[in-house]
Amino acid sequence: MKQFKFITVGAMMAFLLAGCADDDLVKESVVPPVSGDEIEFGATSGGFTDVDPTTRTIYDVPAGSTFDNYTLLNIKWQYDIDKVRVYCPEAAEGFRTADYTVKETTDASSGTSTGTGYLLKNGETGVRWGDTGKPHNFYAFYSLDKIDEGLQTGTTVTATIPTGQEGGQLLTYNNDGTFVADMTGPFKIITPDMSFCMMAGKGTWTSGKDKKVALTFTPIVTVLDVLINGPEDVEFMNIVSVSVRSKSGKNIVGTFSYDLADNTYNFDATDGSQTAASIATVQTIIDKNPVSLKKNEQLNVKFFLLPRDISNGDLVVSVLTEGGVVYSKTISGSSTTSGGDGVLGAGLITRIKTPKLGGQEANNWMSQIPNNVLFSQLSLPGSKQSFAYNVDNNFDPNSGISNFYQALPPLGINASAENSTQFDEGVRVFDVHLNLTRDSRYATPVVYAGGANVDPQITLEEVLTALNKKIHPESKPVTECAVVFLNFVKGESLGGTSNVSTWLSAVMNVLDDWDQDNSGVLTTFDANTTMLGMRGRIAVIFNLENSDNLPSGTAPVNYITGLSTSVQNTSIVDAKFSSDADVRIQNLQQCNNPNITSTGDYGYREGIGLVPYFITKANYDDSSVSCNLIETKTTLMKKINSEIASSAGKLYINDLSGFCVTKDIRSTGYVTYRRNVRGRWNVVWDYGEDTSLYDYAKLPTDGDFYSSSEPSDPSGGDVWYQIPHVNYSDLGNGGNTCLFAEIFNEKAVKEYSSLVGNLRQPLGLVLMNFAGVGSVETNNGTYSVQGIRLPGLIMMNNFMFPLKTGTINTKTSSDTSYSKEGNVWD
1113 MKQFKFITVG AMMAFLLAGC ADDDLVKESV VPPVSGDEIE FGATSGGFTD
1163 VDPTTRTIYD VPAGSTFDNY TLLNIKWQYD IDKVRVYCPE AAEGFRTADY
1213 TVKETTDASS GTSTGTGYLL KNGETGVRWG DTGKPHNFYA FYSLDKIDEG
1263 LQTGTTVTAT IPTGQEGGQL LTYNNDGTFV ADMTGPFKII TPDMSFCMMA
1313 GKGTWTSGKD KKVALTFTPI VTVLDVLING PEDVEFMNIV SVSVRSKSGK
1363 NIVGTFSYDL ADNTYNFDAT DGSQTAASIA TVQTIIDKNP VSLKKNEQLN
1413 VKFFLLPRDI SNGDLVVSVL TEGGVVYSKT ISGSSTTSGG DGVLGAGLIT
1463 RIKTPKLGGQ EANNWMSQIP NNVLFSQLSL PGSKQSFAYN VDNNFDPNSG
1513 ISNFYQALPP LGINASAENS TQFDEGVRVF DVHLNLTRDS RYATPVVYAG
1563 GANVDPQITL EEVLTALNKK IHPESKPVTE CAVVFLNFVK GESLGGTSNV
1613 STWLSAVMNV LDDWDQDNSG VLTTFDANTT MLGMRGRIAV IFNLENSDNL
1663 PSGTAPVNYI TGLSTSVQNT SIVDAKFSSD ADVRIQNLQQ CNNPNITSTG
1713 DYGYREGIGL VPYFITKANY DDSSVSCNLI ETKTTLMKKI NSEIASSAGK
1763 LYINDLSGFC VTKDIRSTGY VTYRRNVRGR WNVVWDYGED TSLYDYAKLP
1813 TDGDFYSSSE PSDPSGGDVW YQIPHVNYSD LGNGGNTCLF AEIFNEKAVK
1863 EYSSLVGNLR QPLGLVLMNF AGVGSVETNN GTYSVQGIRL PGLIMMNNFM
1913 FPLKTGTINT KTSSDTSYSK EGNVWD
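In the numbering used here, the protein residues as written are 1113 to 1938.
Derived from the structure by calculation, the hints contain no laboratory data. Check before you lean on any hint, since a few could be wrong.
[To be verified] Derived pair list, reagent style DSS-like, types lysine-lysine, alpha-carbon separation capped at 27 Å:
no.	residue 1	residue 2
1	K1258	K1321
2	K1916	K1750
3	K1400	K1688
4	K1465	K1406
5	K1400	K1468
No experiment lies behind these values; they were computed from the predicted model shown.
Whenever a hint applies, use it, and build me the whole structure from the sequences.
Below, the structure is given as structure tokens:
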């Protein structure tokens, strides 16, 4: 194709491009088109206008301007990457539409770029001339990848602006626009995905004109340019994401249609959907790490929104920090001249500067969830065995048993040294084990952790009261809620009971009394429960192995029946929720220990270290069974994630907690067996000594019989391995929880970080070891457990895709306005 030269004139203000008019073409002799020939298109830079236009690119600061005060942006085409679709109703039949790639025009004599471009067809054929005696009208759309349908048989195109607007690189600059390659510049920018900056292209041709056609592209979306100021009361803050949402619930992203012929929009597809498209989010996690914003630093992100009118004061910009604290500011004002933030409209950029981060203490990430979102659609971070914190971090990592599952107190009870809690770090699901103070339905249920009742004692009433204070902070909006799992402890040796019915009665007595004193706090939920129905509420869920005994009382409670509490569930567990919904649970706990490479009598496999008894038995019986249970659990985690997107109405629990086995029979599991020999008169067995076996594969091979019952037809001298004989146990009940968290939480971080774009979906209730801390200190060293990063990814996931909604309308929890020069967050 011949390359055409274009003259770029005037100030080109654009995120992307607009083309030039016919008059901008370098004057050459007119070459008329021929009907049936393919049409040649050119494209050059163009404008994205604002109230005070100045020429600039997104990465350059012109003379007299800084990153702090620019009002307009300009970006050029990405040659060989950007793609468009062109449609011409007057073109030849069968050749009225085609897709093109933007190519760079170079000077024929010097080979250097002219700063302009042209379109190269992607397929075998392009758009072709029709009757050249008639005018031709051309309609184009950028980006081709964002077209859902259209510009093939008509002038209307349908496209979608997503909720999660994944950014690209993190770049830093000095305030004057000088690029800083070592990432130390005070101005940080998340480069936007420019394919969301949708453009409508137009061009016309009339008889007598040259066959060269120039297309002028005009932005048709709204751009919100947000500049976040770093903290002033701390040295730095880690930023997980930045969002903008409509307080009224108006959809600001989603699917829309645009008629290029008459420049009209239609938003029916989005407004009629049962999804929350009232929020848009830019993730600020680069290479699995959140952006760290220090004092006197600034972070810039850009949002692409539907080109529709937004009421004054309806949009809120929110910054989500690692740990779940949200800083929000309402955008006010309909124009910059009146002291507000400016006009939001198609083809316009509005610049927002936030106050400095800081001054917000309570964790409030749920405040950003629209009220009409279904609670079952959320991704909720939780802690397993929540009160098992600092119980025994002095243990031998190779041969000890650790009951150390958490490092932070969930709610601050019995914690004097810690300055934070798991709730403060964003955790909203708490797994609690309860024992009774005596074997009676009138006994007091107390928290059990680390193999014993917590000391000082914590009652169930104290747990609920402390949590209630968290979700009802003084003088602040009520935005949060929580889920509490209650688990039975067979505690007769601790003064408790072995009777589930007695335990249930005692626990329900406390819940009934507490609910009467705190009316409206305890609640149940089902597939239709919305976020509005959960704010300020606590949903208690009993975990029960069977349905023979169910909770009975006046307090509203939920329960799961058929829950397998085995630590060896190498497949996803099916159970039933009290609302009759199906429950799917991943809760494999007992895993191999790759750090132990020499085990003696214990089960050891090259490359994956120490393995539990039950998996060595399975491996001995079936060589196809994997000994690497960490990888098995990883597979299950991914499997349950993939199920959630296609299985509406179910309750999903992804239990990421567990332990690596150690060289202790209580950890690996074992079997006690006896070697018996048929002796005197071929009648009497000579019984051997009891022996504990930790690896099924090490069972002696000289036997004639391997069974738990006496052989029916033995002969003299026969050897009978009586297995099991005394104490059969292949369960295992603990090990190195720190090592497991270091290994597996990192795998979970990698998995959740990989969920981008269309891969995003609800994650269900996610339980984990060491929620709320980045590392754990023990007597044998430091473990990096990702307990801040992992909950942060789970929380952020709620704002990266449109969640399904119920039937209520959303409403704001804050009507505070934001002034352009303000220094206070909502």
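These are the hints, each one checked on the structure:
| no. | hint | verdict |
| --- | --- | --- |
| 1 | K1258 - K1321 | 33 Å, violated |
| 2 | K1916 - K1750 | 22 Å, holds |
| 3 | K1400 - K1688 | 36 Å, violated |
| 4 | K1465 - K1406 | 16 Å, holds |
| 5 | K1400 - K1468 | 25 Å, holds |
Violation of the numbered hints given earlier is confined to hints 1 and 3; the remaining hints are satisfied by the structure.
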